[in-house]
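Residue numbers (my numbering): 1 to 197.
Just so you know, the hints here were simulated from the structure itself, not pulled from any lab data. Even glycine gets a Cβ: it sits at the ideal position worked out from N, Cα and C. A few of these clues could be false.
[Unchecked claim] DSBU-like cross-link-like pairs, simulated, lysine-lysine; straight-line CA separation at most 35 Å:
1) K68 with K163
2) K163 with K120
3) K68 with K120
[What the hints assert, rightly or not] Quick list of simulated restraints, FRET-style, between CB atoms:
4) E119 with R42: 17 to 23 Å
5) P19 with L167: 25 to 31 Å
6) E119 with R55: 29 to 35 Å
7) T80 with P22: 33 to 39 Å
8) P179 with D43: 17 to 23 Å
9) R191 with I100: 20 to 26 Å
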Amino acid sequence: MIRYILILLGYLHLGCNGPWEPRVNSDSVWCGPHLRIDMQRRDLNDLTGRLSQNRWLCDGDSVGALKKVVNFPIDYLEDTGVLGTWPSGTGNAGCGRNRIPPYRLYLVSLNPSIVLLVEKKSIRDRPPLSGQILNDCRLEGALEFGTNFDCGGEILWFSPDEKVGPLPLDGYDARIELPDGYIQLIREGDRFRVERL
């Protein structure tokens, strides 16, 4: 009898997942010239409570697991020795000592991945946009994503896909050349936005 109840609960569980829906009010990253990531989310029901699942699509195709999206830039910083130059943090269980970046990290593009490093010294102490962060236990802080950010001090960029950088940019009206176009930073007062053309 208990077995049949558990089977019934399992079928009910599988049938209660919500449909994939676009995330509203989100600032998604670029995945090609004039093409943004389609961020979607659905609600999952399980026996322990209500959970949600997220996915990113580029022109209908999955960009892969979000964990890989965030780990890839941090792996690159670790492999190039950059991460080891940043001050040690408090550490995270199962991850060893984490690092405190002197920059805010902004993922602005995929295909190829482009991450901006904006020096923290003059950025207003404003938290990242709600839901616009990806976490990696090796960082004290988060990898933010989107295309609209606060200006700070020095700005660098790197591309794990292209194995380039980090390299300095010439201010907040700079251009990053890509194989299929370019990334353009556009300053707007104390903020800047990123376009992929």
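Taking the hints in turn, this is what the structure says about them:
1. K68 with K163: holds (16 Å)
2. K163 with K120: Holds, at about 24 Å.
3. K68 with K120: holds (25 Å)
4. E119 with R42: 17 to 23 Å: violated (38 Å)
5. P19 with L167: 25 to 31 Å: Once the Cβ atoms are compared, 43 Å apart, the range 25 to 31 Å for L167 and P19 is violated.
6. E119 with R55: 29 to 35 Å: The hint (29 to 35 Å, Cβ to Cβ) holds, given that E119 and R55 are roughly 33 Å apart.
7. T80 with P22: 33 to 39 Å: holds (36 Å)
8. P179 with D43: 17 to 23 Å: For D43 against P179, whose Cβ atoms are near 38 Å apart, the range 17 to 23 Å is violated.
9. R191 with I100: 20 to 26 Å: Since R191 and I100 have Cβ atoms about 24 Å apart, the given range 20 to 26 Å holds.
The structure does not agree with the numbered hints 4, 5 and 8 stated previously, though it agrees with the rest.
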